[in-house]
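Please model the entire structure based on the sequences and the hints provided.
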Amino acid sequence: MSYFLQLLVSGLVVGSIYALAALGFVLIYKASRVINFAHGQFIAVGAFTVYALVVYLKLNVWLSFGIALFFTALIAFLVEKLFLKPLVGQPIISVIMVTIGLASLLDGLIHLTPFGGGNFSLPRFLPEGGVSFLGVSVSYPQLLAVLLTALFLAGFGWFFQRSTLGAAMRAVADDQMAAMSLGVSVEHVFALAWAAAGITAAAAGFIVGTVSGINLESLVAIGLKVFPAVILGGLDSIPGAVVGGIIIGVLENLATGYLDPLVPGGGTAEVFPFVILLLVLWFKPHGLFGTEEIERV
Amino acid sequence: MRNPWAQTGNYKTDYRQDTAIFATYLEVLSLWAFLAVLLVLPFFLSRPQMFVLDLILVYALAVLGLNITTGYAGLINIGQAAFVGVGAYTAALLAPSLPFWLTVPIGGLAAAVAGGIVGIPSLRIKHLYLAIATLAFQIIFEWTVGHSTILKQGGAISMPRVEFLGYRVGYKNHYYFWYFVILLVVVVLAFAFRNLLRTRFGRALVAVRDNDRAADAMGMHPGLTKIFAFALGGFYAGVAGALYAYLSRAVVIEDYMLPVSIKFLAMAIVGGLGSLVGSFLGPAFLVLLDLNMEDLANWLKSLGLSYAGVDIASAMRPLTFGLVIVLFLIFEPRGLANWWRLVRNFFRNWPFKY
Chain A
415 MSYFLQLLVS GLVVGSIYAL AALGFVLIYK ASRVINFAHG QFIAVGAFTV YALVVYLKLN
475 VWLSFGIALF FTALIAFLVE KLFLKPLVGQ PIISVIMVTI GLASLLDGLI HLTPFGGGNF
535 SLPRFLPEGG VSFLGVSVSY PQLLAVLLTA LFLAGFGWFF QRSTLGAAMR AVADDQMAAM
595 SLGVSVEHVF ALAWAAAGIT AAAAGFIVGT VSGINLESLV AIGLKVFPAV ILGGLDSIPG
655 AVVGGIIIGV LENLATGYLD PLVPGGGTAE VFPFVILLLV LWFKPHGLFG TEEIERV
Chain B
774 MRNPWAQTGN YKTDYRQDTA IFATYLEVLS LWAFLAVLLV LPFFLSRPQM FVLDLILVYA
834 LAVLGLNITT GYAGLINIGQ AAFVGVGAYT AALLAPSLPF WLTVPIGGLA AAVAGGIVGI
894 PSLRIKHLYL AIATLAFQII FEWTVGHSTI LKQGGAISMP RVEFLGYRVG YKNHYYFWYF
954 VILLVVVVLA FAFRNLLRTR FGRALVAVRD NDRAADAMGM HPGLTKIFAF ALGGFYAGVA
1014 GALYAYLSRA VVIEDYMLPV SIKFLAMAIV GGLGSLVGSF LGPAFLVLLD LNMEDLANWL
1074 KSLGLSYAGV DIASAMRPLT FGLVIVLFLI FEPRGLANWW RLVRNFFRNW PFKY
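Protein chains in written order, with my numbering: chain A, 415 to 711; chain B, 774 to 1127.
No wet-lab data here; the hints were simulated from the structure. Treat each hint with caution, since some may be false.
Per the computed footprint, the stretches of chain B lying under chain A, defined by three or more beta-carbons under 8 Å from a beta-carbon of chain A, are [as the list claims (entries may be wrong)]:
| no. | region |
| --- | --- |
| 1 | 913-926 |
| 2 | 1086-1099 |
Pair ranges (Cβ atoms, derived) [said to hold, decoys possible]:
| no. | chain 1 | residue 1 | chain 2 | residue 2 | range |
| --- | --- | --- | --- | --- | --- |
| 3 | B | L1064 | A | L496 | 26 to 34 Å |
| 4 | A | L471 | B | Q926 | 40 to 48 Å |
| 5 | B | Y949 | A | Q504 | 42 to 50 Å |
DSS-like mimics (lysine-lysine), calculated; alpha carbons at most 30 Å apart, straight line [unchecked claim]:
| no. | chain 1 | residue 1 | chain 2 | residue 2 |
| --- | --- | --- | --- | --- |
| 6 | A | K444 | A | K499 |
| 7 | B | K899 | A | K495 |
| 8 | B | K945 | B | K925 |
| 9 | A | K495 | A | K698 |
| 10 | B | K925 | A | K698 |
| 11 | A | K495 | A | K444 |
| 12 | A | K499 | B | K899 |
| 13 | B | K925 | A | K444 |
All C-beta atoms, glycine included, are put in the ideal place defined by N, C-alpha and C.
Spelled out as structure tokens, the structure:
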């Protein structure tokens, strides 16, 4: 039982990372119907920015985190302005292909920095040990991960419900034409959605950095794990992204705990989420909270 | 008076003439001339050059398949390398017991079945979700190969040398022999590709891409059409994979992973989606670019742009592929095929202006 609970808790931590990453992904999808294949690269940009600032410039961790949030948001914003804006009005296929190209491009750019290969870990800034309850021990980094995720989700929740910009973004997601006629700058909202996605990506990257080591490959892999999360939750649902992310994280950890001994070589966590993805696509294609598109001729 | 050698005007009077592939005798002649050049080319090329030529043709096959799913049917496929891999591994498993002229089509069929399975969700959902399904297939494929002892967990499985009608293929004639095999396959499959759009199946693909509700109302089945597109694209990929396995004489998982899928997409985009000529121009462009990448990386190093911990060579590849995809999509979405079209139209009317 305590083994199960332990798996559940560490799954929750992984799941909160996925939830944050998935949130950014869904923000972009809701605003502009673009599936962003470069999300993992944004996460990597965030994580490595924090690392570079902390280790090379010896800045305070929280200050570096703040700068990384801003920097990643700026990169995402520029990416939208430079590469996606020229394609507004083009078939959605080309827009999605551009994000695939961008993923490759950013990958190459990161390879030009010293972060292309190898493992890096942030210097420890939290005390050793952790808290334990019901026989389950939770380390401080893990606790921080969950709290930080909750904080960001609450922040974004507030932003979308209460602020004018958030309302404008929801309006665009709802009906572009109507939003435009009411004076919302759709162009502006697209770029903002990307910037917001950059912020969540950087936060996810930072959390990965505190919980475990960072390397480009695993960060990009998180960008891919976003897909099972958002498909499970429903591609266009923000609560769905969070719930889907957490469920995928937990299931993935349970798979590691219970399926790995059965599979020669182990590593079921890498593939299990994608099996779930295919199953969801077959049996409940719009996920848990996604809206089913009803088409009329 | 109609001139059969140059297009001096629009003389088409019925539908058959409109769907004809060749507008003038000049085009028929140039195609035959091009094929003749391809046939005698090996006698002028060295072994390494032959390898590059073989590689381009094999990639062109995979890109033809991608152009059916993504170009004709409009379904983004991020798992083409996995389909190629299904063909390659099928060939690798069968090669010790069967001759190559059986393993290659069987590899194609295996990949076609895989394509059909990946396409199943299209019975209920639309293209955006399908792109994600192909991504899932790619990852599941990589993992499965990596965990199968029979496939050496992704390590190199060597392919036997082949014998054909008593002709033994050894080190010296390997690339030459496979060149002619691949050329034959490419000509047949390219012929099929070009004529696909003149059949009802091919027209259904395009109709479903452009508006699946309208296609549905006209009596086509959008879901089955998409599954058909995936299966057909998978078949081309599988044949390419089996040929690639024989050509490179080893099957390694690195050749069938996600970055390779992206490379195929880049080739299709650079060439021009849905274009036959583009399916050859794209691979040729990127293979030649890839070959020069190492020189470029060394040149950059010699300029002193390299520093510790950075491997420029491993950065150049994703960087250029990404850049090529993005720039072509923004500035020339119709790809190199469009440039080809402009040149051809010039000669089609020559010496007249229009």
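Q | In rising order, the numbers of the hints this structure does not comply with | A | 9, 10, 13
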